[in-house]
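A.B. asks: Protein chains in written order, with our numbering: chain S, 1 to 297; chain F, 298 to 594; chain B, 595 to 891; chain R, 892 to 1188.
None of these hints come from the bench; they were simulated from the model. Check the hints yourself; a few may be wrong.
[As the list claims (entries may be wrong)] When the alpha-carbon atoms are kept at most 30 angstroms apart in a straight line, the in silico DSBU-like pairs for lysine-lysine are as follows:
| no. | chain 1 | residue 1 | chain 2 | residue 2 |
| --- | --- | --- | --- | --- |
| 1 | F | LYS543 | R | LYS1137 |
| 2 | S | LYS246 | S | LYS294 |
| 3 | S | LYS72 | S | LYS246 |
| 4 | F | LYS369 | R | LYS963 |
| 5 | F | LYS591 | B | LYS888 |
| 6 | B | LYS888 | R | LYS1137 |
| 7 | R | LYS1137 | R | LYS1185 |
| 8 | B | LYS840 | B | LYS666 |
| 9 | F | LYS369 | R | LYS1137 |
| 10 | B | LYS888 | B | LYS840 |
| 11 | F | LYS543 | S | LYS294 |
| 12 | S | LYS246 | S | LYS156 |
| 13 | B | LYS840 | B | LYS750 |
| 14 | R | LYS912 | R | LYS1047 |
| 15 | F | LYS543 | B | LYS750 |
| 16 | B | LYS840 | S | LYS246 |
| 17 | R | LYS1185 | S | LYS246 |
| 18 | R | LYS1137 | R | LYS1047 |
| 19 | F | LYS453 | F | LYS318 |
| 20 | S | LYS156 | S | LYS72 |
| 21 | B | LYS888 | B | LYS750 |
| 22 | F | LYS543 | F | LYS591 |
| 23 | R | LYS963 | R | LYS1137 |
| 24 | F | LYS369 | F | LYS453 |
| 25 | F | LYS543 | F | LYS369 |
| 26 | S | LYS156 | S | LYS21 |
| 27 | S | LYS294 | R | LYS1137 |
| 28 | B | LYS840 | F | LYS591 |
| 29 | S | LYS294 | R | LYS1185 |
| 30 | S | LYS246 | F | LYS591 |
| 31 | F | LYS543 | R | LYS963 |
| 32 | R | LYS1047 | R | LYS1185 |
| 33 | R | LYS963 | B | LYS840 |
| 34 | B | LYS666 | S | LYS72 |
| 35 | F | LYS453 | F | LYS543 |
| 36 | S | LYS246 | B | LYS666 |
| 37 | S | LYS72 | B | LYS840 |
Please read all numbers here as calculations on a predicted model, not as lab measurements.
Number of protein chains: 4
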Amino acid sequence: MHIGFLGLGNMGAPMARNLLKAGHALTVFDPSAPALAGLVEAGATAAASPAALARTDVEAIITMLPAAAHVKGVYLGEDGLLANVREGVLLIDSSTIDPHSAREVAAAAVAHGNPMLDAPVSGGTGGAAAGTLTFMVGGEAGDFERARPILASMGKNIVHCGGAGNGQVAKVANNMLLGISMIGVAEAMALGVALGMDASVLAGVINTSSGRCWSSDTYNPFPGVLDNVPASRGYSGGFGTDLMLKDLGLATEAARQARQPVLLGAAAQQLYQSFSQQGNGALDFSAIINFYRKQEA
Amino acid sequence: MHIGFLGLGNMGAPMARNLLKAGHALTVFDPSAPALAGLVEAGATAAASPAALARTDVEAIITMLPAAAHVKGVYLGEDGLLANVREGVLLIDSSTIDPHSAREVAAAAVAHGNPMLDAPVSGGTGGAAAGTLTFMVGGEAGDFERARPILASMGKNIVHCGGAGNGQVAKVANNMLLGISMIGVAEAMALGVALGMDASVLAGVINTSSGRCWSSDTYNPFPGVLDNVPASRGYSGGFGTDLMLKDLGLATEAARQARQPVLLGAAAQQLYQSFSQQGNGALDFSAIINFYRKQEA
Amino acid sequence: MHIGFLGLGNMGAPMARNLLKAGHALTVFDPSAPALAGLVEAGATAAASPAALARTDVEAIITMLPAAAHVKGVYLGEDGLLANVREGVLLIDSSTIDPHSAREVAAAAVAHGNPMLDAPVSGGTGGAAAGTLTFMVGGEAGDFERARPILASMGKNIVHCGGAGNGQVAKVANNMLLGISMIGVAEAMALGVALGMDASVLAGVINTSSGRCWSSDTYNPFPGVLDNVPASRGYSGGFGTDLMLKDLGLATEAARQARQPVLLGAAAQQLYQSFSQQGNGALDFSAIINFYRKQEA
Amino acid sequence: MHIGFLGLGNMGAPMARNLLKAGHALTVFDPSAPALAGLVEAGATAAASPAALARTDVEAIITMLPAAAHVKGVYLGEDGLLANVREGVLLIDSSTIDPHSAREVAAAAVAHGNPMLDAPVSGGTGGAAAGTLTFMVGGEAGDFERARPILASMGKNIVHCGGAGNGQVAKVANNMLLGISMIGVAEAMALGVALGMDASVLAGVINTSSGRCWSSDTYNPFPGVLDNVPASRGYSGGFGTDLMLKDLGLATEAARQARQPVLLGAAAQQLYQSFSQQGNGALDFSAIINFYRKQEA
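One chain only, chain S, in its complex shape (with noise of 0.2 angstroms):
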């Protein structure tokens, strides 16, 4: 299938490649020329802008940009995609942005003729690379069908959310979780040791019982208690304070505007922006945990 893609960043690009290893034709672009080469040096087509992408004859687009403005400004600008791809045509943005811009761009998709899907995703960017991301897909039920065996090829988990900007939804409920989980984790073994216990037995109590979550099995942001997570490598690596600072920002404005309160939510939002200030940002959002722990001098 010949297939477009827009958007070559940390994530874009070793998505785009694994198109191309499944075999589809691939037409990209990225206003970074860098990026661009990279691409084509793996057996891409470089487009000279979104408009001339879309007026080639690719039967599917695929997003991947930082933020709602990229989106709305790709989609919906004058020398945008919608004003120059030709109706039928499959829209699939895979950025994550807020649901409500989701939504607004979906309708003006369907409303000159193209079906079109969010898809945000969940695995980082070796998810990326190994081609099992988790696609979380909001549209109509007959397009989710037609864009499965694309996505397939750059993740293991598709799963059909419901209607359009339903992809976004799942994706900011879900991390909004996930950021209050790893809190009460980092919460829950800093108390714990510093009453006298060893974390690696916390962990195993707590793993074996209602404390149980992914942010305590899986990720376990106390060093020495799992191998092979940020922890256990000074919190390089894995998905960054900033990245969950974003989520969480997308979560309380979409709670906002829903007139839904989320009190532990941006409870968290506002512990991981102090400790962001304080030099933060790039670790892995599990190094949250150290804002528990007195730091030596």
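Since the structure of chain S is already known, use the hints to place chains F, B and R on it.
C.D. replies: Structure of chains F, B and R alone, referenced to chain S:
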């Protein structure tokens, strides 16, 4: 073995019955005559007072009491256990109390020549009746091995958490995390549904993603997502909001004494307190999701 | 002076009337015909559109609009003020919006040759009617001096807060603190009364001690402590909970953009949001004390 | 009048000196020999123990002790005041403790035939030395009148707060509000400055608006806004963070016992706890603003 058991309430009575079923001889005490009569009917011998119980030839004494004040009274009072028990009898306190008090009583016991374990449980009245409780045990390893076969008559998961008081530490740390996670799940589910998602679809996404936790995959608070949980029967049964409040009170007080911050733990305590003040203290703690959903008039 | 005025709602209408009373000639616009008619009856001239208003010979234009989207539309839209106004006309926006948007619009105005001030107000509809508003003004000092006599017809406290956008900064900072203080007073009063104190005695202690604040000594939320405040009339009138929510949304969003933590500010926003969700959004914000008091059935 | 005074620490010693200056005969006790010697040099008589002090012909006894455990020990212990004092002697406890304990001790005193007042102070060591403390007094009105002239030698604002324990209630309620307000001011000032405002201009706006409070207009935490406050001298002197933490611990514990939620009060406690854990417990509590400002390396 001849065992003493003090405290025949909702938890203590079924625990004592399981000791009888396992073939132990049991001498019991409770200030409530009907509670005492129930166990006598089941085959136990009644003692007239804690002191009288302590002066029998029991090899071990188990206590299951409401709060630290009762534990201190029963163990340290003038007519209490330590003043009357012979050296060497194994003392096991299964009450949930603060680690500081547990260590104070254990130190007094050891000074008197009695090995002592703190062994709080999780699993609720259902687990107590079924003999499937989890015991989180603090104390010397040799004493733990001595207690293990006794505890195995009442529970199926017997965990040694380290020295004296660590059973209590494990319990308050786990339950604080549980209290936080449940509110996190409540906020995420209520937000997702308010933004247009189906509750079961959202729970399905979370349970296979990084938000996964016991409060979501085993005890989901949203009505209709899981069968056989309090949410599917009007939040009756289960683990009452006021019991969660008690445990969060122990956790924040232990944190205060350890000069350890627990920001989300304290926020969770206050939210359950608000919910209880509005008249919901007897509902299962997962009912906190109603705090986040517009109630019909 | 001939002045233009756009936005004749609950705040704008009485402000415009005070300009008429002060002897200014007024050309007004509002999309609501009855709102427009009311001002015409009072002596103003109606314009058919923002563009039409901008093309008159007004020396200054004041806008009083609900949110940033309206302000951007009215100033920056194709048929908006900047596209039609002549150079040099002084532009004053009294809407309460986020500082970032205020600075964006001001920069566009200056680029077009029009001095612009952001001048949000406090004092409510009562202050608007009485002409006793406080104006917090951001912009060039010279422009501020030019605006001062106009603003003095509508308010009695005209404060220069620094460069463009700083009027909005001052307002969101003050109102965030107000939102926090009111909840602080609510918690302190409810706690003291629950512990057995008389509300008026407690307020008396606080008002002469270090807890003293406007929310306690001028606007106490406990019924019966002060006369002539919303608490003494069932929380009607005053500054609605949903208006406080709007301002806290601006504050936390401005904080997010500045990467600045506001833990209590965000907690306050969520508490008012809960209170609003329970059906209390139209009550004065001091009614938040009901969140802390057991309600009768 | 012959008065007894127990507890000659940082607060008690200067208070006792002021009683001597006012012409009272003073018998004093403190477990610290140097503390005792200091007062003897100033003209007081030393007692060998609380019991010995109680057996003199004092007409009133004042205690100033660190915490509830000390108060209970001194009043209720076997060698304590109640076991040795003659009926009718007026007992005044100026310690800051929880209202529940204050009421328990007062009830025991009354049962023994001694009128008792709880009379915690505000004003710090500076107020103690200058004789300008505020006394918040709980107890019978007649006893309050009897105590007033004594207290007036040590303070200038003597407030009757109602029955036994209400002095403590007033103090914890006021100080909880103070702890919240200070963080509110810190957040508002740090946010405003981060968004481009001058700190003094912002403080000026707040101090004439609805955000006005003691923490802003009398004790502003931003360096350079006010002279002669801790913020202008590196946060030395003043009211230490760890003392604020103690009072917030009393407030949240009193709230827990009263089943009363205090969401911002608990959040404030946790924030000061974090700040203290980072090594700042000895700084004036207004230093909490550093929690909100990017620190230089």
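A.B. asks: Under the criterion that the straight-line Cα-Cα distance not exceed 30 angstroms, is the pair LYS543 of chain F, LYS1137 of chain R satisfied?
C.D. replies: Within the cut-off at roughly 21 angstroms; holds.
A.B. asks: Taking 30 angstroms as the top limit, are the C-alpha atoms of LYS1047 of chain R and LYS1185 of chain R close enough?
C.D. replies: Distance of about 41 angstroms is beyond 30 angstroms: violated.
A.B. asks: Do the alpha carbons of LYS72 of chain S and LYS840 of chain B lie within 30 angstroms of each other, as the hint requires?
C.D. replies: Roughly 25 angstroms between the alpha carbons, so the hint for LYS72 of chain S and LYS840 of chain B holds.
A.B. asks: Check whether the Cα positions of LYS1185 of chain R and LYS246 of chain S lie no farther apart than 30 angstroms.
C.D. replies: Holds - the C-alpha atoms of LYS246 of chain S and LYS1185 of chain R are around 20 angstroms apart, at most 30 angstroms.
A.B. asks: Taking only the CA atoms, is the gap from LYS294 of chain S to LYS1185 of chain R under or equal to 30 angstroms?
C.D. replies: 19 angstroms, holds
A.B. asks: Are the Cα atoms of LYS246 of chain S and LYS156 of chain S separated by 30 angstroms or less?
C.D. replies: 25 angstroms, holds
A.B. asks: Given the hint that LYS543 of chain F pairs with LYS294 of chain S, does the C-alpha gap stay at or below 30 angstroms?
C.D. replies: Satisfied, since the Cα-Cα distance of roughly 28 angstroms is no more than 30 angstroms.
A.B. asks: Are the Cα atoms of LYS666 of chain B and LYS72 of chain S separated by 30 angstroms or less?
C.D. replies: 17 angstroms, holds
A.B. asks: Holds or violated: are the alpha carbons of LYS72 of chain S and LYS246 of chain S at most 30 angstroms from each other?
C.D. replies: Since the Cα atoms of LYS72 of chain S and LYS246 of chain S sit roughly 18 angstroms apart, the hinted pair holds (cutoff 30 angstroms).
A.B. asks: Below or equal to 30 angstroms on CA atoms is what counts here, so check LYS453 of chain F against LYS318 of chain F.
C.D. replies: 15 angstroms, holds
A.B. asks: Under the criterion that the straight-line Cα-Cα distance not exceed 30 angstroms, is the pair LYS156 of chain S, LYS72 of chain S satisfied?
C.D. replies: Distance ~28 angstroms between LYS156 of chain S and LYS72 of chain S Cα, so the pair holds.
A.B. asks: Regarding the pair LYS294 of chain S and LYS1137 of chain R, is the alpha-carbon distance no greater than 30 angstroms?
C.D. replies: 20 angstroms, holds
Figure legend: structure checked against the earlier numbered hints; hints not met, in rising order: 15, 21, 32 and 33.
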